[in-house]
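**Student:** Given next are the chains, with one letter for each unit.
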Amino acid sequence: MSNVLLRVDQLSVHFPVKSPLPFQKRQEVKAVSDVSLEIMSGETFGIVGESGCGKSTLANAMIGLVKPTGGKVYFENQDLYSLSTNQFKEVRRDMQMIFQDPFSSLNPRFTVYQIISEPMMIRGLNTQEEMIYRTIELLEMVGLSKEDLYRYPSDFSGGQRQRIGIARAISLNPKFLVCDEPVSALDVSVHAQILNLLMELQTKLKMTYVFISHNLAVVKSICDHLVVMYLGHVMESGETTAIFKNPLHPYTNALLSAVLDIDYEHQAQRTILQGDIPSPINPPSGCRFYQRCPKAMKGCITCKPQLIEVEPHHFVACHAIHGFPEHCEVVDAKESIVEVKSPYDQDHGKRS
Amino acid sequence: MNPMLKVRGLKVIFPNARGILKAVEGIDLDIEKGQCVALVGESGCGKSVTSLAIMKLLNSPPAMMQVDELVLDQLDLNPLSDTQMQEVRGKQISMIFQDAMTALNPVMTVGRQIDEVFIRHNQLSKKEARKATIHALGLVGVPEPAKRANQFPHQLSGGMRQRILIAMAFACMPKLIIADEPTTALDVTIQAQVLDVLGDMQRKHQVSLLLITHDLSVVANMADTIYVMYSGKIVEKATKAELFKQPFHPYTIGLIGSIPSLHDERHHFVQIPDCVPHPMFKPTGCYFHPRCGHATELCKSTMPKLLDFPNGRQVRCHYPQNQGMGGASHE
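As they're listed, the protein sequences go chains P and X.
According to this note's numbering, the first sequence is numbered sequentially starting from 1.
According to this note's numbering, the second sequence is numbered sequentially starting from 1001.
Just so you know, the hints here were simulated from the structure itself, not pulled from any lab data.
A quick note: this is a predicted structure, and the numbers were derived from the prediction, not measured.
One or more of the hints may lead you astray.
Unchecked claim - Here are the computed distance ranges between Cβ atoms for each label pair: (1) X/His1135 with P/Ser41: 57 to 67 angstroms; (2) P/Lys295 with X/Arg1203: 22 to 32 angstroms; (3) X/Val1107 with P/Glu118: 39 to 49 angstroms.
Cβ atoms here follow ideal geometry from the backbone N, Cα and C, with glycine treated the same way.
One chain only, chain P, in its complex shape (with noise of 0.2 angstroms):
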């Protein structure tokens, strides 16, 4: 169980923007700056945020679909993006994902069987029979039966067609899978299966997942280790039983405040975070979260956070927890909190 099978040494992934006038400094959308994590082997891992925080790019970048701008990317040891075409070929086999939307990601011409069996088809090895073979076989474990293999994803529900989804990423017998939000485009009631599915494969697989979600009522039942990231950084991250049973960050209490609980009658106060997610073209440069944050100081909108042990297997980014360090200008934290800026005044207009 202890062995790393995959980690994530500083990775930044920064994508260009066309400058809006000529000879302007060139823009750069900076979807995850200086991330480090490891993940062990067997185990689930969670990536939690709001959307345009950078988890998918992360998740992309771990198994090769997006490259990064800097840092690296070690799948057993090897650094992925040193390897050659072939060779990262060979690597790729072991690391597949399921996508978000089960309507989008499924070819509509395509029927089931080419659907499941183009991995296959692709890697060369099997004949046709034993491709229908494997084929059947991988129907049944995801709960569907071999009367669908000649059907077209159009016949199926949201729920199925992720069932599909999932078939088709383990048909290679992967050693890493990344869920990118397998159940959020899908109703409350087929969460559970899906879920229930996942963790079924993997016990029954051996897999290591990485799994996104916004969502921490299912990341905290799923979940090993987890990390919460807000615009392209870490805020906090460690063993979910340690964050969830002591959440450190402001910005982790206000995730977690947000969840609605059908449990309403024990719903503790909620602190609602104002504002959106500000863009990530001119990230602030102290603390990312200091516009939102309702611990925000003056230190913060200068000084970044370093990701710090609190207790074992928990790390927490925030000056409020261990305060600032001797480098950084303002110390004086109790008279130093500023009206924080809206981040409205923000230009919007530059993400969709």
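Since the structure of chain P is provided, determine the placement of chain X on it from the hints.
**Tutor:** Chain X in isolation, oriented as in the chain P frame:
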């Protein structure tokens, strides 16, 4: 007390070449003044069609709608023509749609789109309308409303767009607002903001709200009375406290159980097997029996009647769970 909205026996069918698609099969709804009523169900159970039918927004053909009674605050909507309905929509009933990007016109500033409501229904001049618009935007917590009014939908974030829609729906202070999955497309933090605004506005102005959603956690925080819908029929009606404490219908029990909660420690989710039957091929008897753990021969052959319980509670099941008292059969 007369309900704000009274619907009796609402049926909507879509006849096509292969047969008749029964989307809604006889629904009774009551919404009191200032109350928030939720209509809950999975996708494909007919809840959106119900909301469109109440607004009389369904095109015929293909849809065919039949209703015994459709009364909004003593105004019978049933015989009204399309032109007459245009006076009602926006002024007396209005709607908040799910996807704000498609509900707003992308080539008009949001201010002009809200102005239209005032100009059409309150006969204001353009200048007065703009003043009213800015006021309405301020009410829903849009910062710098005068500046926002001159922006286009694509310049605003998802939460802002949804606020614009709420402002537009509340513009003429209608008697009833229908919110069709108002927060499904939003993030959790933004969802909490938008629901807060919606709830505040509803309580402050004593507007009746029909909330349509598949998310019971939203319902638990907003609604007073809840209708659970399955495959075109109401299967359970109860107040919020009763429904969450003591759900009677196996479907409701499944829905509540399938939601992960921050407070419990289980690592396996309760699931309802399969999915909603296709409305063209509904099973015989109780529509829920193929997915129900308590189904018997009786369930396979006969559709249960809506049983009445004290406190206006209703359940459509042969074997209601979680209860000791017997129910009186409803006609």
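**Student:** All hints, please: hold or fail.
**Tutor:** Hints and how they fare:
no.	hint	result
1	X/His1135 with P/Ser41: 57 to 67 angstroms	holds (59 angstroms)
2	P/Lys295 with X/Arg1203: 22 to 32 angstroms	holds (30 angstroms)
3	X/Val1107 with P/Glu118: 39 to 49 angstroms	holds (40 angstroms)
No hint from the list above goes unmet by this structure.
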